[in-house]
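Chemist: Sequence:
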Amino acid sequence: MPNKTTRCVLLSTTIDLRDYLAPEIARLDGVVSFVDHLDGSDAADVEMAVGWFPHADAFTHYPNIKAACSIAAGADSLLHCPSMRDDIDIVRVIEPAQAEMMSGFVIWNAIYHQRRMGVYRQQQRDKVWKRLPQRAAREVPVGILGYGAIGARVASDLSMLGFPVKVWSRTPKVTSAGIAGFHGTDGLDRMLDDTEVLINLLPLTSETRGLLNASLFGKLRRGAYVIHVGRGAHMVEHDIFAALDSGQLSGASIDVFPIEPLPKDSPFWSHPKVLLTPHDACDVTMAAVGGTIRATAEAVQAGLKPKDTVDRARGY
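Per the numbering used here, the very first residue in the sequence shown carries number 2; after that it's consecutive.
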């Protein structure tokens with residue numbers, strides 16, 4: 002346990018973190034003392050931060066911060082903050098239940114495409130009673146970008162439902178029985194070939210930014226369906242609209258966007274082939290966030306590297 006209360010600053014331009022984390026802040030009383038950004042308290046005493054899209058210069062004000070916690074599995078907004086220092090450990094929230102939630106969300110969308118529910122929704126609006134030819138899961142090849150803990154759960158669950166599953170990762174990974182694994186640049190092209198449902202679960206790195214583009218879409222089976230639950234910056238908006246309008250993509254389920262909340266004037270809202278959700282595919286629990294903050298505070302006080310620290314070389 003820590004020998005003293007760790008002072009932690011709340012840094013966000015998009016969320017009132019004190020309100021959002023209120024139950025965990027109460028539970029952490031005596032372990033962590035939370036202060037608001039630039040509230041006039043002694044910045045030199047702050048050894049830790051909890052952040053979500055902090056101000057660009059946020060970390061310049063706190064010379065002794067040793068660790069910064071995200072409030073989610075993604076830590077991109079901290080990693081790419083202009084004032085983030087190399088000596089600050091960036092910590093993300095890891096929760097096994099996320100994989101189950103994400104898998105359920107992805108499976109629902111995959112079956113939505115397989116069973117042509119988008120067409121049925123339009124037929125309902127048009128009052129058309131017409132049955133469509135059915136396809137078995139084995140006729141719908143699925144490709145998954147990303148094979149970490151969540152990707153592995155999604156791949157396994159889809160495979161058990163009868164979908165042929167291929168996965169791609171940056172480096173070689175051992176895959177479960179019945180799941181074809183690919184890696185590297187050449188492996189990506191082989192994975193994309195004849196894929197009909199493409200699921201993006203990748204973290205955001207310099208290599209994956211803009212990956213969902215015209216070149217990638219063109220390598221999929223014509224009429225493919227994209228389920229985008231990675232990061233907003235993976236997607237080249239113009240290219241996905243062009244692929245949808247040309248018929249290269251028959252549809253897309255999109256949960257993450259470059260700008261969130263999605264602007265009211267965005268064409269994603271009204272595009273007939275887009276199924277849109279507000280970054281809600283899965284989430285961590287408040288208990289998991291609080292547990293990560295506590296563990297990080299204890300590591301800081303013990304002079305240890307916190308658990309679940311981001312590998313900056315990999316970007317996650």
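Hints were generated in silico from the structure; no laboratory data involved. Heads up, the beta-carbon is just placed ideally off N, CA and C, and yes, glycines get one too. Hints should not be assumed to be uniformly reliable.
What the hints assert, rightly or not - List of simulated lysine-lysine pairs, DSSO-like, C-alpha gap at most 30 Å:
# : residue 1 : residue 2
1 : Lys174    : Lys5
2 : Lys220    : Lys274
3 : Lys174    : Lys274
4 : Lys67     : Lys220
5 : Lys5      : Lys274
6 : Lys5      : Lys306
Stated by the list, open to error - Derived DEER-like restraints, expressed as beta-carbon distance ranges:
#  : residue 1 : residue 2 : range
7  : Thr15     : Gly179    : 33 to 43 Å
8  : Arg19     : Asp194    : 47 to 57 Å
9  : Ala150    : Thr15     : 23 to 33 Å
10 : Ala27     : Gly248    : 45 to 55 Å
11 : Asp281    : Asp187    : 19 to 29 Å
12 : Ala243    : Gln124    : 19 to 29 Å
13 : Asp30     : Ala181    : 26 to 36 Å
14 : Asn65     : Met161    : 30 to 40 Å
15 : Glu238    : Gly304    : 18 to 28 Å
16 : Gly179    : Glu261    : 16 to 26 Å
17 : Thr186    : Gln125    : 40 to 50 Å
18 : Gln125    : Glu208    : 16 to 26 Å
Chemist: All hints, please: hold or fail.
Modeler: Verification of the supplied hints:
1. Distance hint between Lys174 and Lys5 is unfulfilled; the C-alpha atoms sit about 42 Å from each other, more than 30 Å.
2. For the hint linking Lys220 to Lys274, the alpha-carbon distance of about 20 Å falls within 30 Å, and the restraint holds.
3. Proposed proximity of Lys174 and Lys274 is contradicted: the alpha carbons are some 34 Å apart, above 30 Å.
4. Taking the CA atoms of Lys67 and Lys220, the gap is near 44 Å; set against the 30 Å cutoff, the hint is violated.
5. Restraint check: the Cα-Cα separation between Lys5 and Lys274 comes to about 55 Å, which exceeds 30 Å; the hinted pair is violated.
6. For the suggested pair Lys5 and Lys306, the alpha carbons sit about 18 Å apart, so the restraint of at most 30 Å is met.
7. The given range of 33 to 43 Å is respected by Thr15 and Gly179, whose C-beta atoms sit roughly 41 Å from each other.
8. The hinted range of 47 to 57 Å is satisfied by Arg19 and Asp194, whose Cβ atoms lie roughly 50 Å apart.
9. The beta-carbon spacing between Ala150 and Thr15, approximately 26 Å, falls within the hinted interval of 23 to 33 Å.
10. Checked against the hint of 45 to 55 Å, the C-beta distance between Ala27 and Gly248 comes to roughly 54 Å, which is consistent with it.
11. Distance hint for Asp281 and Asp187: a CB-CB separation of about 35 Å, inconsistent with the stated range 19 to 29 Å.
12. Distance hint check for Ala243 and Gln124: the Cβ-Cβ separation is about 26 Å, which falls inside the suggested range of 19 to 29 Å.
13. Our hint of 26 to 36 Å for Asp30 and Ala181 is violated, since their Cβ atoms are close to 51 Å apart.
14. At about 50 Å, the beta-carbon gap between Asn65 and Met161 misses the expected band of 30 to 40 Å.
15. Take Glu238 and Gly304: their Cβ atoms lie about 45 Å apart, and the range 18 to 28 Å is violated.
16. Our hint of 16 to 26 Å for Gly179 and Glu261 is violated, since their Cβ atoms are close to 36 Å apart.
17. The hinted window of 40 to 50 Å between Thr186 and Gln125 holds, with their beta carbons roughly 43 Å apart.
18. Between Gln125 and Glu208 the Cβ separation comes to about 42 Å, which falls outside the hinted range of 16 to 26 Å.
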